[in-house]
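Residue numbers (full-length UniProt numbering), protein chains in the order written: chain S, 1 to 414; chain R, 1 to 414.
Rather than coming from a laboratory, the hints here were simulated on the basis of the structure.
We treat Cβ as the ideally placed atom computed from N, Cα and C, and that holds for glycine.
One should not assume that every hint holds.
Unchecked claim - Calculated cross-link-like contacts (lysine to aspartate or glutamate; reagent style EDC-like; alpha-carbon spacing at most 20 angstroms):
1) R/Lys-107 <-> S/Glu-365
2) R/Lys-105 <-> S/Glu-365
3) R/Lys-140 <-> R/Glu-173
4) S/Lys-272 <-> R/Glu-309
Stated by the list, open to error - These stretches of chain S come out as covered by chain R in the derived footprint (C-beta under 8 angstroms, 3 or more residues):
5) 49-59
6) 194-201
7) 204-213
8) 278-292
9) 304-313
10) 389-396
2 protein chains.
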Amino acid sequence: MNAEIIGVGSELLLGQIANTNAQYLSKQLAEIGINVYYHTVVGDNANRLKDAIHTAQKRANLIIFTGGLGPTKDDLTKEAISQLLGKPLVTDEEALQSIELYFKKVKRVMTPNNKKQALVMEGSTILRNDYGMAPGMAIKVEEIEYMLFPGPPKELYPMYENYAKEYLLNKLEVKERIESRVLRFFGIGESQLETEIEDLLENQTNPTIAPLAGDGEVTLRLTAKHADSNIAQQMIDEVEQVIRQRVGPYFYGYNQTSLQEELMSALISKGKTIASAESLTGGLFSERLTSLSGAGAVLKGSIVCYHNEIKQHTLGVSSDTLHNYGAVSTQCAKEMAEQIRVKCSSDVGISFTGVAGPKVQEGKEVGTVFVGISVAGRETTVHHLQLTGSRQAIRQRTVRYGCHYLLKALNEEN
Amino acid sequence: MNAEIIGVGSELLLGQIANTNAQYLSKQLAEIGINVYYHTVVGDNANRLKDAIHTAQKRANLIIFTGGLGPTKDDLTKEAISQLLGKPLVTDEEALQSIELYFKKVKRVMTPNNKKQALVMEGSTILRNDYGMAPGMAIKVEEIEYMLFPGPPKELYPMYENYAKEYLLNKLEVKERIESRVLRFFGIGESQLETEIEDLLENQTNPTIAPLAGDGEVTLRLTAKHADSNIAQQMIDEVEQVIRQRVGPYFYGYNQTSLQEELMSALISKGKTIASAESLTGGLFSERLTSLSGAGAVLKGSIVCYHNEIKQHTLGVSSDTLHNYGAVSTQCAKEMAEQIRVKCSSDVGISFTGVAGPKVQEGKEVGTVFVGISVAGRETTVHHLQLTGSRQAIRQRTVRYGCHYLLKALNEEN
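Sequences are here, hints too, so could you generate the full structure?
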């Protein structure tokens, strides 16, 4: 089955919202082995919608619509499809009753246009809407499956999960299982990673290997198909092993994890607490860590020492260091990491100082960054980075590199 | 000009990311009066991409591509378009030099596949990429404008704003000017706001009034059309005045501003410095403030006192307060705000303490939050909030409310 997802709604074409419904449905369809080859977005215009359907009919045998099932004049998805397929609209009594019940419940007057929401195409399978008024529907006409979903995600998601998924699984003749796993890498560029595994990428069939770069990271999605899902997992294991033999040092985790989650797990498993001293990052490191529930077990606290006055008086960096080397220096990063560890009585201290831009500072270029790591009983290390990008990109990369270096240091420790 | 936006990338069809580039560009194009009639998404497949282009050529005279300009074999957007339009690819020397420079700067080896990123279509206008390697391009062939952008939003957004927008404005034979202005509100719900201005919403024609809710804020976009842009602005002024007479107390700023930007401007204009003491927010307030360039003029520093130990020993909250009232209390918020102001010798101290969840804390419900504001020479105020939502939503709303309360306090001061 090859699918096309057609999003209907002028709010999408005006950029008021992103087409997250297409993202959601694509992910769901991939999981049950349905290929999605196109997404289309069209406004609340019957002629352009019909054109889009004609185009889709030539290239897909599953056409999924989202949006345009509501009560207003703008909502014309099912009217257009009904005309095109020659399937008249009839009132679905169950849907009508539940709409009337809803208005009684919220004690509002039911305006006549709401009745329109209970109209469905004759001969279609109704997909119940447990979180809204307009039902969805599914109908097969001349070897093409059409499925209509409401636009609001809080109605669409449960409708897919509770009703549409089963409908689709019954229609699929394929009994093949699809398993996938994402490998996450940090500290290696996309092109370098691909060069290291070029032969694997060129000869991939099953499992497939899909690289994706974003946010300073690179990921590889490994996807295997097999009637037995255990065997599909083994096939992925084997490819993963080969990849990690080549670029293992840059690998840091699986699937939806992040550097800060991995860092937090590592700190918890080693029973270590941490504190941060942050200049250019302004609190971003501790903010990222405390965004995870359970941060209380590892983060004691932080000092955001944006002014040198705070570096000196609150954190305790020596005035000599600030005077002789400046705040953007190896020496300052070292003292910041050591001082915060002592101040907060934590096992680990991490520091961030540098130039986020847009202006040079102390004669140091934008992107000059020092990350200090102080661990009780070990020599303090300072990493010097030269980063590029906007102010915000530099700050975010600084924190990612900090997590990366500290993770490495913790893993080396055993 | 009628536009179609074609997003290229299998990661979109697999649902790994949402097509936020189409959203961004649609919003930008609407602002300069270009209608977007279709969005299309197609995978990294040359034949299907060519089919999508053929379809677009029949219905648009501006075709915009996003993604597929990178160094890998997957990236085939410009190769496919170049073949289709009969415009050979040639190396752009400036782009090549900047790629080589980039690799030198970050001290990484430049793999040969990176050279591919410097290839551009002969005869095209280059759109410089200030935040990445692959340049964008624009070319007109047989009455159709083609524009190619890189996929990463960090590269695409500035490329559009700094280079592509002007290119498009030059191509437009604009007669009517479209002016728009966004009014931003905080502390009022979308339905309450709409109720207050219901009659205006119902009778809108020119200017139009478009409400949009998101991220705990509500905005109204006023858009007016007129041959004279000054008159269009006056038309907007008049509607704005009526709206602000009704819901003025919730209004905080225009267009792309944010509560933290308004707060920073207010602090700068009053010549005041600030410091924050953060418990549940974990540094989010100072992180948001330092994300803005120029933060050095107002933020002295912050203490993230996640553990009570840090509240007491580093910040100086009395042990009596922690013992008798707990960390999540009016009393603790008051002392935190006062202590941080004194510790950092700032004019203003702000504090955040509360329960972000997922668990109750000190017997206090998730969402219980106290925000303290201490200003030199005035009595410290503490605001008690009861918020709902996820851990991250509670933290973000806490910071927004903090900015909102402090802005009000600063504005009352004169």
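A quick look at each hint next to the structure:
1. Under the criterion of a C-alpha separation no larger than 20 angstroms, the hint pairing R/Lys-107 with S/Glu-365 is consistent with the structure, at around 16 angstroms.
2. Restraint check for R/Lys-105 and S/Glu-365: satisfied, since their Cα atoms lie roughly 12 angstroms apart, inside the 20 angstroms limit.
3. This hinted pair checks out: R/Lys-140 and R/Glu-173 have alpha carbons roughly 16 angstroms apart, not beyond 20 angstroms.
4. With a CA separation close to 16 angstroms, the supplied pair S/Lys-272 and R/Glu-309 stays within the 20 angstroms bound.
5. For the stretch 49-59 of chain S, the proposed coverage by chain R is satisfied: 4 residues have a C-beta within less than 8 angstroms of a C-beta in that chain, meeting the threshold of three.
6. Residues of the stretch 194-201 of chain S with a Cβ under 8 angstroms from some Cβ of chain R number 3, which satisfies the need for three, so the listed coverage holds.
7. Figure legend: the stretch 204-213 of chain S, annotated as covered by chain R; annotation consistent (4 residues with Cβ-Cβ distances under 8 angstroms, at least 3 required).
8. Closer than 8 angstroms: that is the beta-carbon criterion, and the stretch 278-292 of chain S has 12 residues meeting it against chain R, so the requirement of 3 holds.
9. Given a C-beta distance limit of less than 8 angstroms, the hint that chain R covers the stretch 304-313 of chain S holds, as 6 residues qualify and 3 suffice.
10. Judged by the Cβ-Cβ criterion of 8 angstroms, the stretch 389-396 of chain S is covered by chain R as claimed, because 6 of its residues qualify and three suffice.
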